[in-house]
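Here the protein sequences come in this chain order: A, B and C. Okay, so the first sequence: first residue is -15 according to the numbering used here, each after it adds one. Okay, so the second sequence: first residue is 222 according to the numbering used here, each after it adds one. Okay, so the third sequence: first residue is 383 according to the numbering used here, each after it adds one.
Since the hints were made in silico from the structure, they are not lab data. A portion of the hints provided could be inaccurate.
[What the hints assert, rightly or not] Computed cross-link-like contacts, DSBU-like style, restricted to lysine-lysine with a CA-CA straight-line distance of at most 35 Å:
#1 Lys267(B) to Lys464(A)
#2 Lys324(B) to Lys513(A)
#3 Lys168(A) to Lys449(C)
#4 Lys292(B) to Lys464(A)
#5 Lys324(B) to Lys464(A)
#6 Lys381(B) to Lys292(B)
#7 Lys168(A) to Lys282(A)
#8 Lys282(A) to Lys591(C)
#9 Lys282(A) to Lys616(C)
#10 Lys513(C) to Lys498(C)
#11 Lys138(A) to Lys2(A)
#12 Lys449(C) to Lys386(C)
#13 Lys84(A) to Lys2(A)
[Said to hold, decoys possible] Some, not all, of what chain C presents toward chain B, calculated at C-beta under 7 Å:
#14 Thr481
#15 Ala483
#16 Asp503
#17 His504
#18 Lys513
#19 Trp618
[Said to hold, decoys possible] Some residues of chain B that are not near chain C, with every Cβ distance over 10 Å (derived):
#20 Val256
#21 Leu258
#22 Ala264
#23 Lys324
#24 Leu327
#25 Tyr329
#26 Leu341
#27 Pro349
#28 Leu351
#29 His359
#30 Glu360
#31 Thr383
For glycine and all other residues, C-beta sits at the position ideal for the given N, C-alpha and C.
Residues per chain, in single letters:
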Amino acid sequence: MITSPLNEVVEKETAAAKPKCLRCCVAAGCLSSGSLAVKQSLQASVTEAGLQDEVHVKGVGCMGLCSQGPLVQADPDKVLYTGVTAESAPTIVSALQGAKVDLPTTDLNHPFFTLQRPIVLENSGRIDPERIEEYLVANGYQALYAAVRDMTPKDVVDAITSSGLRGRGGAGYPTGLKWALVAKTPSHQKYIVCNADEGDPGAFMDRSVLESDPHRVLEGMALAGYAVGATQGFIYVRGEYPLAISRLQTAIKQARRLGVLGSQIFESGFDFKIDLRIGAGAFVCGEETALMASIEGKRGIPRVRPPYPAESGLWGQPTLINNVETFANVAPIIRNGPDWFSSIGTGKSKGTKVFALAGKITNTGLIEVPMGTPLSTIVEVMGGGTPDGSAIKAVQTGGPSGGCIPAHKLDTPVDYESLASIGSIMGSGGMIVMDADNNMVDVARYFMEFCMEESCGKCIPCRAGTVQIHRILTKIHEGKAGQEDIETLEQLCEMVKSASLCGLGQSAPNPVLSTLRYFREDYTALLPKASEVTV
Amino acid sequence: MDRLRFASVWLGGCSGCHMSFLDLDEWLIDLAEQVELVYSPVADIKEFPKNVDICLVEGAVANEDHLELIKQVRENSRIVVSFGDCAVTGNVTAMRNPLGSSKSILQYVYLETPGIQGPLPCEPGIVPVLLDRVSPVHEIVHVDAYLFGCPPYPSVIREKLTELVAAARNESAPVAN
Amino acid sequence: MAVKTLTIDGTLVTAQAESTVFDAAHEAGIFIPSLCRLEGVTTTGSCRLCLVEIEGSNRLMPSCILKVDEGMQVRTDTPRLREYRKMIVELLFAERNHTCAVCVANHNCELQDLAKSVGIDHVRYEYTFPKAEVDITHERFGVDHNRCVLCTRCVRVCDEVEGAHTWDISGRGTNSRVITDMNQPWGDAQSCTSCGKCVQACPTGALFKQGSTVAEMQKDRTQLEFIVTAREKKQWIG
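Take these sequences, add in the hints, and give me the full structure.
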């Protein structure tokens, strides 16, 4: 069913496939622990052994278990080597030839792997992110082909709507509704924007998707462009992600060369271009109106909504903004049908969610699980609990906008409503595990310092309120606060939450409010005893 | 009826608030029927007394003597009133705060300013030691009522005092803010 | 002309369809406080003082941007809004060094008026006492960052009325500062036409005419209104 020029590429690629493959992770996590040297060493050993026609050494994206990198997977043996070094790499090649070796590997039957349901990450760690050919072999751009040849734009919007997909950037707005709104707003020019300004401390889901499977995002954006009638897309990616930027640049070039981006895509009347815009590191530029201002070349500060971007976005035109993971879900939905997608997950939260596990957890890394998976399954069964076996005290979700969930609430399923009901948010997917060593006042203070420094300064509640909240938290931390300070803190948090202009300020008090709700004893323990108060 | 025990103290300020208080002229005679002045910069009393009903505090807390006195005031007074902008906000007295610690201020004033050749004043026990940060009174002790203005107008002082005297007479009534 | 009927604080109000809730309220004699709003330039909704409650929504909306709607029920003066306004103004006083007693705009200051109208008698938050500069390099005007509330009126009036865009903001969060040109001293800012509109637009003593002493700097907004009316309606009335 693939159109002929792409078919040729797929056939050629399939014909050239070698029986064995060594997949070496070259995403940022493993790269930083030296995986490039590992890959070179593997390649040299293969050449030395004269196996170049038999063994394919390739760089792939993230395989998930970042804490144990560099990772190398041997196919078809299904062995995942961990902590590989340039020195140990030749041994892997000899293992491929049947030698018995003693190298650290990890159990691929561990729940960390078996309980995952990869949709967004289906190609991650499997294909070479720098080659469009491999994406095509993995059914890439088939959905786009099917859409522009066999579906009307409305069909595409309807498919997304009935799939039940919701925004993966944090708020969980129904994606189909947003698309329909942009589609029906009349304009001679509409825009698609991919929000890749992932800024939450401890979150690296989007980076990983961009580094591991950039074409999936491009295809999702092109499908969105077709669905809503946009011809120009922008990916706003933060400057701190140089590898993601370079892989996106490569991917866009390749997609243009093969004609899956550009004019008259698949010989239809559909034109779609994608350009990159590099952010300069302001957290607030992840807020959609600030992000658009930044793309327009203005100071990246939010503005009051409404009007929403769907009506008046980039340069005043209707604009569809979704985050990386949302776009990454689009092609599989079109390819496999909305019913397939909506069969995964819970009643109101469909599909899967990618989480970045960090903090006091054995298996630090990236996982993708069906919506509705209990938090305890994620952090205890898949994540393996804390490294020293101590009890988990709290799990922080949603970064500086989220909240701390106490251990006794870990049976909560991860879906938008359940997390909101216990004072946190789904957020973009950062998950930080904490144990008894983590004082919740310090945790709240850390996130508040982050918000204070990242506040753009436009509205007073966020600009000056976060400063005062941080001061009170510092006072409590230093043991100089009284009960009345906690009251002032709560009042300030409520005000900043209700009165701030954008999502940054409105959610900044969440870490304080949720820790006050579940870990109040951490606060009161720091208040001086009544007998110590002098005046 | 017994007269209320009334005091006023002068911390880091210019005494303009006390001048404004004295500008109440003959009303002070009426006030004297209600209150007995037990401590004030305008009266020669050495120790801050006990069981004061109302105390007006002029000025910000700028040195260690202020700190000691304001704590005595709080311990011995039912109603503490921040009297004027220095007490309420820090005002002019606190304008040195953005310039850094007391050491850098003294250095700037006594050594770096043209025409003054030092030395740095250092007479512990005689010259009160400056605090690093000038604070409004309510940052140090609990304050029951506020009277802002630089200085507060006599009419405003009169209105507030009338209210506070009534409140102090009626033990159970909450003190107006 | 299309009109909408809405209820503001229990009073039925009729307003033009394109009117904002803020304007509709003021026309009906209902006062809503604001600091960033300035007649004749775009609204930013950033001071959050004009937030109002709308029946059926739990989101507070800036009335200076919110358009009137048929049957809308607005509350502008609930205990919650009053408390928030008070907190916001207190936060401003704690953020910079607003020493009214020595300020050129004393008694002619919108921030001071606001503090009185929302009932502030002291600030519950710790004063931050930031180190802020005073720039008097301009031959006629000066900027005192100690008094700035970052309302961006100067930025907007310079860009939208004078067309010079000398002013903008640098930095972020509480460290934001209004700057002239590319953060040069005002006297070196070549784009400045010395028209003084920013000085008239400034709600506090942050922008002032040189030579003004305490409480002497009176702002004259009629100059701005004159220009805007002249441009928009072609009427030259002072």
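Should the interface hint for Ala483(C) be scored as holding, given a Cβ-Cβ cut-off of 7 Å against chain B? Holds: closest Cβ of chain B sits about 4 Å from Ala483(C), inside 7 Å.
Pair hint Lys138(A) and Lys2(A), alpha-carbon separation not exceeding 35 Å: 42 Å, violated
Asp503(C) as chain B interface residue, shortest Cβ-Cβ below 7 Å: Holds - the Cβ of Asp503(C) comes within 7 Å of chain B, reaching about 4 Å at its closest.
Is it correct that the beta-carbon of His359(B) has no partner in chain C closer than or equal to 10 Å? 6 Å, violated
Satisfaction of hint between Lys2(A) and Lys84(A), Cα-Cα up to 35 Å: 22 Å, holds
Assess, step by step, whether the Cα of Lys513(C) is no farther than 35 Å from the Cα of Lys498(C), and give holds or violated. Satisfied, since the Cα-Cα distance of roughly 26 Å is no more than 35 Å.
May I ask you to check that Leu327(B) keeps its beta-carbon over 10 Å from the closest beta-carbon of chain C? 18 Å, holds
Beyond 10 Å from every chain C Cβ - status for Leu258(B): For Leu258(B), whose nearest Cβ neighbour in chain C is about 25 Å away, the distance exceeds 10 Å, so it holds.
For the pair supplied as a hint, Lys168(A) and Lys282(A), confirm whether the alpha-carbon distance does not exceed 35 Å. Cα-Cα ~28 Å, so holds.
Tell me if Lys513(C) is really an interface residue toward chain B, meaning its C-beta lies closer than 7 Å to one of theirs. 4 Å, holds
Leu341(B) remote from chain C - nearest C-beta pair above 10 Å: Given that every Cβ of chain C is farther than 10 Å from that of Leu341(B), nearest at about 22 Å, it holds.
Mind checking the alpha carbons of Lys324(B) and Lys513(A) for me, to see if they're no more than 35 Å apart? Status holds; Cα separation ~33 Å.
Going through the hint list in order, the structure does not satisfy hints 11, 19, 29 and 30.
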